[in-house]
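Novice: Here is how the chains run, residue by residue.
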Amino acid sequence: MANTLQPLVSGRRNALDWWLRERVWPSPFHILLSFATLALVVPICVKIANWAIFDAVFVSTGPESCRDAVGACWAVIAEKHRVILFGLYPFDEQWRPTLAVAIYLITVIVTLTPRFWSLRLLVPLWTIAVFVIGALMYGGIGPLRIVPTTEWGGLALTMIMFSGTVILGFPIAVLLALGRRSHLALLRSVSVVLIETLRGVPLITILFVAVNVFPLFLPAGTNVDKLLRVTIGIAIFFACYQAETIRGGLQAVPEGQYEAAKALGLRYWQMTGRIILPQALRIAFPAIMNHVIAAMKNTSFVMIIGLFDILTATTAVMQDPVWRKYYVEAYTFAGFVYFAFGFALSIYARLMERRMNKGYVS
Amino acid sequence: MTSIDRSLAASGPTRADIRARQAAKPPRRRLSWGDPFTRGLIYQAGLAILLALGIHALYSNVSENLQRQNIATGFSFLEQLARFNIGESPIPYSASDTYGRALLVGVLNTLRVAAVAIVFATVLGVAAGVARASRNVVISTLAGTYVELARNVPIILHVLLWSSIIRNLPPPRQAHDLLGIGFISNRGLTVPLPGFGTSGGTIMIALGVAVLSAFAAARLARRYGERTGRYVEPIVPALAVLVALPLLTWLVTGAQFTPDIPQRRGFGFTGGLTLSPEFFALAIGLTIYTGAFIAEIVRGGIQAVPKGQVEAARALGLHPFSIMTRIVLPQALRVIVPPLSSQFLSLTKNSSLGVIIGYPELVNIGNTVMNQTGQAMEMVTIMMLIYFTLSLITSLLMNFYNSRVALKGR
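Chain order of the listed sequences is A and B.
With the working numbering applied, the first sequence covers 24 to 385.
With the working numbering applied, the second sequence covers 6 to 415.
Careful, some of the hints might be misleading.
[Stated by the list, open to error] Okay, derived cross-link-like pairs now, EDC-like style, lysine to aspartate or glutamate, Cα gap no bigger than 20 Å in a straight line:
no.: 1; chain 1: A; residue 1: K348; chain 2: A; residue 2: E87
no.: 2; chain 1: A; residue 1: K285; chain 2: B; residue 2: D40
no.: 3; chain 1: A; residue 1: K348; chain 2: A; residue 2: D91
no.: 4; chain 1: B; residue 1: K312; chain 2: A; residue 2: E45
no.: 5; chain 1: A; residue 1: K348; chain 2: A; residue 2: D78
no.: 6; chain 1: A; residue 1: K320; chain 2: B; residue 2: E153
[What the hints assert, rightly or not] Which chain A residues stay away from chain B? Per the calculated CB distances, all over 10 Å, these:
no.: 7; residue: E116
no.: 8; residue: F139
no.: 9; residue: T173
no.: 10; residue: Y281
no.: 11; residue: I311
[Claimed, not checked] A few chain A residues facing chain B, derived, Cβ under 8 Å:
no.: 12; residue: W41
no.: 13; residue: H53
no.: 14; residue: L55
no.: 15; residue: L56
no.: 16; residue: S57
no.: 17; residue: L61
no.: 18; residue: V64
no.: 19; residue: L207
no.: 20; residue: F240
no.: 21; residue: P242
no.: 22; residue: S323
no.: 23; residue: I327
no.: 24; residue: L334
no.: 25; residue: F362
It should be emphasised that the hints constitute simulated quantities derived from the structure, not laboratory data.
A virtual CB, placed ideally from N, CA and C, is assigned to each residue, including glycine.
Excised from the complex, chain B in its bound form (with noise of 0.2 Å):
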């Protein structure tokens, strides 16, 4: 017997073969263009000094047009005064503040139109994604009719169409009425604000509570029923302890009640909240374009359910209700949930378009400074950053999301 045939007479290698192997140099590369390794290698480096070569190249043809143009460099004009005005702002604003306060309030505005149109995108096209998925041959229709309109056409169509009824419904004298308590006019949506007296801050901590104690309840009553066999609609006691512990409170603090109805005054209206015509319309155009696409997903995420889970669901009689929301939907959501989040990154990035309606979001305040200062390379540096950080954390908040509803393996 040899070693060879020593070594595969036992169960493989021996430790002393293995240690050999590794002791012995890994056959020694030439350097030569049949090697894939070398070949690689002259790739990369070639890729490199292209690289280097082009930066260079542009750098200094940057250094040369700035100097040329007299235009400094760097992002010290943040620190100068604005000296322009911003139709709306969640915070103090005014000409003497600073360029960097005025981006502030450029970010603030995209997110909160961003964040309302998500929201409603979210519902509407969830609705009509099931609609669409429906039996039923009219309603499906019916939600196949907007998903193909709605899609097929640019956002800025949308946008501009709304901005333009928006601009050219009535003034607030002859404001259309809304159920005798908000106005539709040419000056926006005025809606009423809830009032609450002296006990509106107790109640907001209420709501707090009571939708964290809301989520409480479902696990409870889902562990209940996984206990017992009773079965119990988990959204029912959270929406029970949704409703009454608010509701409590409020009467417990002396039930007080004002709210503020919005009131024709003069050339406009007094109380109530109004929103800008020009964030109304972004946020409609943004919420039908975006929900026709989440509509088509959600569809998806529908069909791609085995029809016999349904069936099997049927056979064992459940509720159509609990069907769709206990065995439907979750098994969707892990189809659902990837691309839902591309589209809500869409949809923020979709609203830059409010600089063609005016209204002051990051690309319009932007373009604004771009204009007087002359600072293009800085300001758009910026506005990139500031979307590539809202796009990382909107996908690692969706990631996260994601690997809770994803299928675990056992």
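This is chain A alone, in the form it adopts within the complex (with noise of 0.2 Å):
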């Protein structure tokens, strides 16, 4: 009994010696497959290294600078970032949505970090920085000169849209799952129809919604920022998808809760916002982050509708004849910057996860 138990109890030189024995060479049939995966892999990512490392071409030197280049011709970066990270924000201007963008990262580093956790704060931080971020972008304050939103673009687009849609679309999403889950019948059905038809639909047609329609659904005369209605249609669209990430959560509340709550007399608001929400967004949490990134990628849809994101810029870059023949290297870099925020996010939401199962047995 006792020796069974040991690798079980083992210390640090057993733990090696285990995972060697379990995942490195668990059989000779083990030891062949992954002597034959390396032998087929290997030479692909030696490949791979030679041409985005050692025969690449970093440093631009004009037009001329890959005319040699066996690997990657990474010059094409150094070249066009200004277009990719800014669209066609006008060029003597950029150190504005660069400020934007730094401020952006600094207020959603702060929102994230769980020591600022509360409205109190969150919320002035939010609206001064939305305010700042905007008077930045638009201009027409003091000595900025105004920059209409239809020359807004790149990065700095990309994460206007994508925080948009996470703040506006996170309250939606909360009502439309309680709305779901009221009894309330004809809130619950108005919530069902909406959820469901917009689930059912790609992002596609609501953006043509947002762009082709929604002008038709206003007084005449009245005019509502593109920006703004395809912002709002990726955030309701968002909502959809969150709302039932948070249904579920509310689901698995014990029932003991409500019951509880209501005991001590709290009125609906209070119980869900006191109670219930906080509980149903915990349990929820990796599937509401798995959403949060999802959107973040889907603001690149904006691309059909002829807004100028990260990923319309770098397009447009293979419009030049001269960098056309890159358009591997070019994709390959935006393809990173939404990695890196992307890949950021999950371990930040494994972290969390990690974290707020502290004190939980599940």
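Using the supplied hints, reconstruct the complex from the two chains, each of which is provided in its own coordinate frame.
Specialist: Listed below in structure tokens is the structure:
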């Protein structure tokens, strides 16, 4: 008995031993499989490394810099990063989106830190951040000249649409989820119809509604900015998916919690806001983060309706005949930007999950 | 003894008591804010009024705007001539057909690319998911790298990248040769078609019969195993039937074999089947992107199977392959199927990205029609309805399948 238990309570050396025995060479078949796989993969990795690093051209010395390159031509990024990152934004004013992105990132980092999690801090913080970023991007205050939203682009635009989607969409999602579980029949059916309809159609059709149909809904003479319309469209789409994950969380809160809250005489919004939602959001957290990451990737759909996000900008770079050949490098760079944000968010999600599960059995 | 005592002494209330209680009127509702029922009614009435006002405002705005812009409403434009060409179509179509037929072509193209991508994404996803759950660290790392790289990048980028790669391939004259039987060039992928002369139709029928008999053979094998205890892997007789029946038919009908192998000719190819670069790019992009998500679902499903199940199966001396197919996968399927169906749905919806690379699917053609006719509302409604119907059909089918693999309570 003692022998069989030993691996479980073993120290570090045994853990390594276990890892080697279980994961690296569990059986002769697996050794063969590993070698066969490595024999196949290693040459490809070497090729990619040569292409991307050793034979690559990193520094741009003008249009001719990659003529003799065997490997990747990262010079295209050096040459075109301003277009990719800022799109059509006036060249001399591009410090403004740079600063805006910096402020944005700081705000996001503060928001994601559990120590600062209180609405009393975060709501004013975001209000100020949104105002400052808006003022920086749009201008019209003091010496800043006005840059209309049609000239916004690149990473700054992606970031604005992403945060707009989450900030607008999340409250809608919570309301839709609560509405779907309400005992008021009309409210429930309105929520169900909205959620199920929008989840059944592609995002593109909603963007078409925002761009082509929504202006018809407005009284003659009024106009809503296209960027705003599109962001609202994506936000509502996001909300419908998020509502379902939140509903899952709500359903997982034990019935006793509702009953106890009612027995204490809490009213609906007190019960929901203080007892039920905190638990439901904790339970649904992994799924919620998945949809947040998906929302970031979904902003790229605006390419279809002609907004100049980072992907549209990258594609526009390919219009330049000199740099047209280096599409793989340009798309890799754009992909890397998305990957970095998405991967960082998913690592954060995993850390938070572990932290939140402290003190819980499951 | 009072009557209350008597009824307590009996087991529960008597019939008369129940009748008396039913006859009594429910407590009279007071019309006050404190009564939850009344409050609910008032909320709902408020919501109904708001909805009605909102819809009325939208309706009047829309009709006013349409009148001002001289746009006729209704779906009669579907009867008009389309006057544009479509690159590829599974049914005969020309510019002198109607908008309605053009949209039908779009729907069929959507279904075509979605069906192909769903099959390949499932194969790729299951392989990568099983690999990622593998004990072998090399295999699981490799699969993990693919999954993380593919799913953290927007689907549009996948599609654009593949489209660019294919468009930048050499022209047909310098096409890359694929094992001497196919070509890949900037015109797309050209593959050979198997040809069986005059017996093609018969063999197709035989194949259909073979698929059905394969299921029956697997079932028989399972029954035989259950009855006698001598276990036969059901896949063996199933595969045997699947191969033997068409093969026999082919031999009996004269063993004709005239494959249609593509040849370079002039600026293109003759023979074979050419998949357009747009179709190819969209199918690859969708496959690789969705495959990564399916892999995660499959891995989650496999890891949800209790470890003891695998250990018990190993202790019984089952072959690793049988452990996977007989113990792990059937239990994992219960976890896998529901999220898998939503991946199929999102793949179908993502096929609308054909619009950015010029693949003539529903949204692409719908967009063209919208721009030509100005019937934005009608076109968006049609597109939404079609996708919504596709979603409904898919989820019905998957629910049916799910009810078959779900845990049956006894």
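Novice: Now look at each hint and say whether the structure bears it out.
Specialist: Hints versus structure:
no., hint, result
1, K348/A - E87/A, "holds (12 Å)"
2, K285/A - D40/B, "holds (15 Å)"
3, K348/A - D91/A, "holds (13 Å)"
4, K312/B - E45/A, "holds (14 Å)"
5, K348/A - D78/A, "holds (16 Å)"
6, K320/A - E153/B, "holds (14 Å)"
7, E116, "holds (28 Å)"
8, F139, "holds (26 Å)"
9, T173, "holds (20 Å)"
10, Y281, "holds (14 Å)"
11, I311, "holds (16 Å)"
12, W41, "violated (12 Å)"
13, H53, "holds (5 Å)"
14, L55, "violated (10 Å)"
15, L56, "holds (6 Å)"
16, S57, "holds (4 Å)"
17, L61, "holds (6 Å)"
18, V64, "holds (6 Å)"
19, L207, "holds (5 Å)"
20, F240, "holds (5 Å)"
21, P242, "holds (5 Å)"
22, S323, "holds (4 Å)"
23, I327, "holds (6 Å)"
24, L334, "holds (6 Å)"
25, F362, "holds (5 Å)"
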